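Asks: Hey, can you work out the whole structure from these sequences and the hints?
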Amino acid sequence: MKWEKLNKDTVAFTFDTLEGFDTSVYVIEKKDRIYVIDTFCGPEAMLPIIEAFPSMKTKEVVVINTHFHWDHIWGNNAFKDKEIISHHLCKQLIIDQWHRQINENSKYQMGDVQMIVPSHTFVDKLEWDDGMLLFHSPGHTRDSISVYDQETGLLIVGDNLEMPLIYVEAQDLEAYVATLIKYKTLNPEKITASHTLHIEKYMLEETILYLEALKVEKSITFKDENKQLIHKTNLKKIGRLDN
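Here the sequence shown is numbered in this note's numbering, starting from 85 and rising by one per residue.
Quick caveat, the hints were computed from the structure, so don't treat them as lab data.
Hints may contain errors.
To be verified - Taking CB as the label site, the calculated pair distances span:
{"id": "1", "residue 1": "248", "residue 2": "187", "range": "40 to 48 Å"}
{"id": "2", "residue 1": "307", "residue 2": "144", "range": "45 to 53 Å"}
{"id": "3", "residue 1": "139", "residue 2": "198", "range": "22 to 30 Å"}
{"id": "4", "residue 1": "285", "residue 2": "311", "range": "16 to 24 Å"}
{"id": "5", "residue 1": "303", "residue 2": "135", "range": "48 to 56 Å"}
{"id": "6", "residue 1": "266", "residue 2": "322", "range": "41 to 49 Å"}
Quick caveat, the model's predicted, so the values are computed rather than measured.
By construction, the Cβ of each residue, glycine as well, lies at the ideal position given by its N, Cα and C atoms.
Replies: Printed below as a string of C-alpha cells:
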C-alpha cells in the first residue's frame, strides 16, 4: 500500500493487491468528522489506515460505500460499530450478491470478511454541514454514488471513471451519460476514481464520447488490445455481441 495527500483534508491509500487494478481508499478529515470512502478487500487492509488516523477515536467516523462490488465493501467489518452509508440499492445488492461475490473472489479476502451492510441509506443525495455531499450517480452500476467535497472541490467518482476504459456493468447508458454530464457541471477542482487516482478532464470527455457511441450502436475498434478487450466485455454486459 502507498499513500498520497490529495489536498489539505484528503489522503488516498492505494493498494496493488488486485492484479491489474490499483484500488484506492480515501480518508477525508474535517473538523468534527472523518469520512472513509470504500473499504477495499477486508478489515486487515483497513488496520494501517485506522492506525494512521488516531483522531478516529475522538471524531465521528462516517464510512461510505460507493457501490456494492466486493473490492469496495469487504473491509466494512473494520467499522461495524460506525455509521456506514450507501445508496439504498447498494444495501440490497450487497445482500443479494454476497455469496456469489465471495465464491468468485474469495482469494482476495484480507482478514475476517463478514457481511456488514450499510446502516444508513439514501435515494437522491445526502449532505453535511462541513460541505461533504453524496449523490446518486448511476453509471458503472445502478447503485453508484459519488462524493463531492464542496470545500476543496474534490470529486470522488468510484468506478464511474477509469483508465484506460470504463467497465459498464449496468445497461442504462442514458443514466451513465447524465451522471458524467453532472460531473462536468460541478466543475470540480480535481477528480479521482477508485482504480485511477488522477482523472484529467479530457478523460471525462473521452468517456462521454465512448458512451455516446455505445448508445447509437456505433462500431468501435481500439488499437490498444487491453481497451479492446474491455470494450468487448462491455458489449456483452449491455447485450450486444455483434461487435
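Asks: Each hint: holds or not?
Replies: Status of each hint after checking the structure:
1. At roughly 29 Å, the beta carbons of residue 248 and residue 187 sit outside the given window of 40 to 48 Å.
2. Range check, residue 307 to residue 144: Cβ separation about 49 Å, and the 45 to 53 Å hint holds.
3. The hint said 22 to 30 Å for the Cβ distance between residue 139 and residue 198, and at roughly 26 Å that hint holds.
4. A hinted range of 16 to 24 Å holds for the C-beta pair residue 285 and residue 311, which are about 19 Å apart.
5. Range check, residue 303 to residue 135: Cβ separation about 51 Å, and the 48 to 56 Å hint holds.
6. About 21 Å separates the C-beta atoms of residue 266 and residue 322, a value inconsistent with the hinted range of 41 to 49 Å.
Hint compliance for this structure: hints 1, 6 are broken, all remaining hints hold.
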